[in-house]
Each structure stands twice: as structure tokens, then as C-alpha cells.
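Residue numbers (numbering that gives the first Met the number 0), protein chains in the order written: chain A, 0 to 433; chain B, 0 to 230.
To list a few chain B residues with every Cβ distance to chain A over 12 Å, as calculated: (1) L15; (2) L35; (3) V36; (4) P175; (5) P176; (6) A181; (7) V185; (8) L192.
To give a feel for the contact side, a few chain B residues facing chain A, derived at Cβ under 10 Å: (9) V22; (10) I42; (11) G46; (12) P47; (13) L48; (14) V147; (15) V155; (16) S157.
Since the hints were derived computationally from the structure, they do not count as laboratory data.
Since this is a predicted model, take the numbers as computed values, not measurements.
Here a beta-carbon is modelled for each residue, glycine too, at the ideal position from N, C-alpha and C.
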Amino acid sequence: MASGTLVRERSAARVGAEPTGGWRVPVGYVLRHGLVHVCAAILVGVMVAALAMRGAPWRGDLVWTLDWFAISHIAVGPILAGFVGVDSSRLTVGMEHLRTGYARRAPDRGIALAYWALASAVYLLVVVGALVVSLPPRWDWAVLGVLVIHVLILGVHVMTGLAAGRLLRPLVAGAAAALVALLLTTLFTTGKTPMAFLAAGGATVPRLGYRYNVSFLVAQAVVLAVVIVVLVLARRTRREDGMRSRLRPVAIVALAALGIVGVGNVPVGARLLSSPVTPDLCGAVLTVPTCFYAEHERLERPFQDQLYRLFMTAEQQGYDALIPARVEEASRTYLPQGAGVAPLFVSGDHLAGREPDLWEVTMGLVEPIHCPQLSGGQPPSDKYGSDLMALAATWAMLVDPSAGEELFGYVDEPLTPEAAEKLYTEFRTCTHAF
Amino acid sequence: MHARLLSGAQHGLTVLRATGFTVASAVILLALVVTLVFHDGTIERIGPLTLYPALHVMVAVPLLLSVACGIAHAPFDRPVIARNARTRVARVLSLGSAAAASVLVIGLGAGLDDAATLAPALRNLALFGALAVTVSVLVGAQHAWVPVVLLFCAAVTSSPGGTWTLYSLVLGTDVPPEVGAATTVVSVVVLALTAWDPRGLGYLRVVADRRAPRASAAQLPQEVVDAPVEP
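With the sequences and hints as input, model every part of the structure.
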């Protein structure tokens, strides 16, 4: 409780500093007596924990780094709003008359500004740290726009706290602000238009092959700015205010709602646009070229080890026909196709640090996922399932005789080289009776 | 007799009003409204995260109730009450009433919809309530919501499975006896901490007295410096 010091500070402000000291007086005040440093420490903890969780699979992927970071918003929003709510309410007890005056003189706006500045600094520091640690090989300048969006989202949470601090007592302002921030985050994060103005990602699947839509970001920034301005203007109407003054907030909210709905529904397209890129980090396993994305450099070695075991045993035991001419990593917007090109599928688990197992790599090599028959509405026949299983298990059993039963549940004899070649060719050319 | 009862009730309310009970009852009222309207609902999404399996509303309502318990422990916010036995009793009464009302709300929700939500809801009230009251005792009632938000967000981002994992402790729908026993022990320990009240926050005279040596005596009016310190 800073009440004892609050009284002294107020008298000092009255006697010493000029009342027109602008932002400096309340900002300095909240830095000394508020809990802004505790809030900043919690925010650092939350942001770092959000980045580190689930093995940090975003490393190297520029768009995914920022989108993954948005998961932290479910905690950052309520914490920030709540702390601003508590401090803007309890540190301005006895100064309520100043809230109605010019923005420059309103002490709680200074408090909110101090919180916003510090939270933004903490956020930028953590994000830049994450980017420096992972060093994404591809750069996109639209990322700067996303940083601005994130700072504006922090601003919405800060101003939610400010509005709660003005309308409620210190005891409940924090809890109410946190609850409202959590509700806003839940209501306005999903959607296909900029009406989802708190949308900042949060995906748990790789973002490789996507880029940000700048028009969406601009519309979102406009909506965010309108929301911030409305929240800054929120204040309690006094009984002695005239009718005109009492109608003003209604007019402001109505205008703002019109603006938000108008800009929010401008047809600007999705937040992320498909932008297929081909894998560019190429090496070779037994003269078979293997290409990975530079973002996933850390996965090249474990995948190549499995490929080496598969290709080596196939060559030694007469199953040469199974060895593809080229292996390429697939992404959500790029599926390697063409005669002799086999795709490799990298999942979030692999990016988090789990080594690929024999089952995944073998299935990726033999499964005819490019065939149009499989992407139609009809489910494939049982025969296709058993054929796929037999082919994949046969190849895996060349490497490890127990793999057929352990990984695939396949108990029959392995296929002969001729049968395997026939089946593999049917899969590659999509001539199998799916 | 009626008059005596009435005056007794009024006296009790006055005692409760000297704590954070008024504000806490507003939060409990909100929880009651949520219980009455959404008692059979589920929460499928928190921000960008999809919850699978979906969270039953009655398992989340204890979050509100535990913040209310933390707020109920707040002392009177004017510097006129000194620390004495009566204020201590007032705060115990306030916290006790808030906790009892919380249990009633949870019981109502379980009775209205699904009795299976009773155990996880009570477990969450014990767990989150213990955290909120601890922060209320040691830091201040205005920040009682902080650990509730942090623990809840940590739980929704954690992975399901296990008995003692964060996910099962907060979002799990079945409560094994050992977890029930552990949360009971935790809440009893916190009640003991509350009764002890080591920081004695909020009795502003006591706080001001403790801080007086740090302030420069020259800045204060003479009568403040010379004022006798009450024991």
C-alpha cells in the first residue's frame, strides 16, 4: 500500500512541480510507486515461457515465430490490463477531478502510458531475442507491421485497464480488467476479417510457405487505433454535467462502432497469404538429392540418417526400384510432385526436437498422397490400405526385421522385389485401383 | 426479540462492510448469474487456443469465486481502524461468508446440471482460492486475481494426461482421493496463514507507523511527528 507515500507525493506535486508538467509527473510517479516493474517481470516470464513451451518448434520460421508468440496474449492481456486497472485506480484516489480535464493533465493516462511503454519495450526485447536466437534465413519486411500490430494490441489491453481503473474501485478494478481482457481476447482473435482485431496468430502448425497480408494488417491497425481512442476517452459522467455532455459518450461509442464495423469488414483477404517456396537446402544420400527448407536445417541430419538406412538396404537386397530419384521436403503450400520425386513430411513434433522414426519416413516415401483419387470425397478401398501397409512394412523390415510387426502391425511375409516394384510403380503413377 | 435480531443482523452487516465483503459479494453475484445462465455450457476456446476436451463452465466458475474470496479478505480502505481483535474477527467472518457463499454457488451449479462437476469445482475453489487468499494476505487484495490468471493460463497451454500434471489438477474432470486430500491440506494451511496474517496489510496506521522511520521527518508537519504511536 502506497497510501502514506501517496499523500506526500500529492502535496509535493502541488507545491514543487508545475501542474502542467505533462506526462512526466504521473509517469515518474507510477514508476516509483506503482507495480509496473513487477508487471514487467511477470510479462517477461510469461512471454519467455510461451516461447519455450512444447520444445519451441517455431525456431527458424519467421512468420511462425511471431504467430506462435501470440499464444502468450491469453496471459499477457489480462495481466497487463489488470495491473493498469489496479494502479490507475488506486494511485489516483483523490485526483478524480483531474480525469475529466485535458488529456495532458489526466494523471491516470500518464500511468497507462508508462505501462504501455514498458510492456512494449519488454515485448520487443523478447521478440528480437527470439529472432536473434533462431536466425530465420528468410526475411520479410511485413514483419515490422506485425510488430506494430502487437504493440497496438498491448495498447488495447492497457486502455482496457485504464477504463476499468476509472470506473471501478481499486479492489475490483484489476480483476474486472483482467476478465474483460480475457473475454476480448477470446471474442476478437478468430475470424477471417479485420474485425478480429486482436488476431495475432497462435497456430501450432508450421507457417512455412505463408506470408503476411499487408492490407489486412493496415485495416487491423486502423480498427485497433479506434478501439484504443475510445477506451482512452472513457470516463464517468458527473451528475452536474449537462445533457449534451452526457450524450457525448454515446455518440463517440456509436461512431466508433460504425468505424470498427466498416473498416473491419473491408474485403482485404485473409491474414496470411499462400506463398509457396521450394526447399532450397540440398544435399544427397547415396547420390539421391535430398532438399530441405533452410528454416529446418536442424532436421536435415536425422532425416538423412533414416534415408541412408532405407536406401542402403534396398540397394543391397535387390529392391532398387523403390529408391526415388529425388527427395524433397513438403510444406503446407508445396507438395513435391513428378516422376521419381518423393516427399518428406516434417511435423511440429520433429521441429520440437523429436527424431523422425522409421515408420514416418517410410510412409512418406511410399504413400501416393499426390494422387487425385485420394483427395476426392470417396474413401479409398481396404485393398489400398493393405497394399500400402505391405509395401511400407516390407521396406522397413529390410532395415529392421522386427519393424514390420512392431511399427506397422504387419505379420505376413515381406513382398518380393518384383511385387514391391509393381505396387510402387502403381502408386507413383496413380494407376492403382484405389 | 425481532428488534434484537434485526439489530444483530445490522451489526453483522456493518462488521462485514468494514472489509472487502461488499465488493466480493458483487463478484459472487456475477458468478451466481453465470451459474444460473450458463450452468450447462462449455468453454471451447480461450483466445487463439482451442480447448480439447471443452471446459465445463462450472469447473471455471470457481476462478471467479476464488478471486471473490481473496477480495473478501481485504480490510476497510480508510485509515481509521486500528488493528484489534474485532477487526480480525470481521475479516475472518468476511472470508468465511465468501467461502460459504462460493460453496453454495458451486453446489447450485452441480444440482442444476451435472453432479459430476461438484468435485472438480470444489477442488478448483480450494486450489485457486488458496492462491488468491495467499496473495491477498501477503501482497494485497487488489492483486488476488494475478495468480488465478497465471495458473489458469499455464494450465490451458499444458498437455493433458497424468494425475499430478498441471492440466489434470486444474482442468481434469475427475478428482482422485489423493488430489482431494492434497487440495484440502493446502486450503487448511492457507486458512492458518490468513488467521496468522503475518503482514497485517491495510491497517493503515500500523503500516504508516512501520514506514515512518524511512520518511524524512522534516517533511512532515510537527503534529504528525509528535503524535503518540498506538500499540
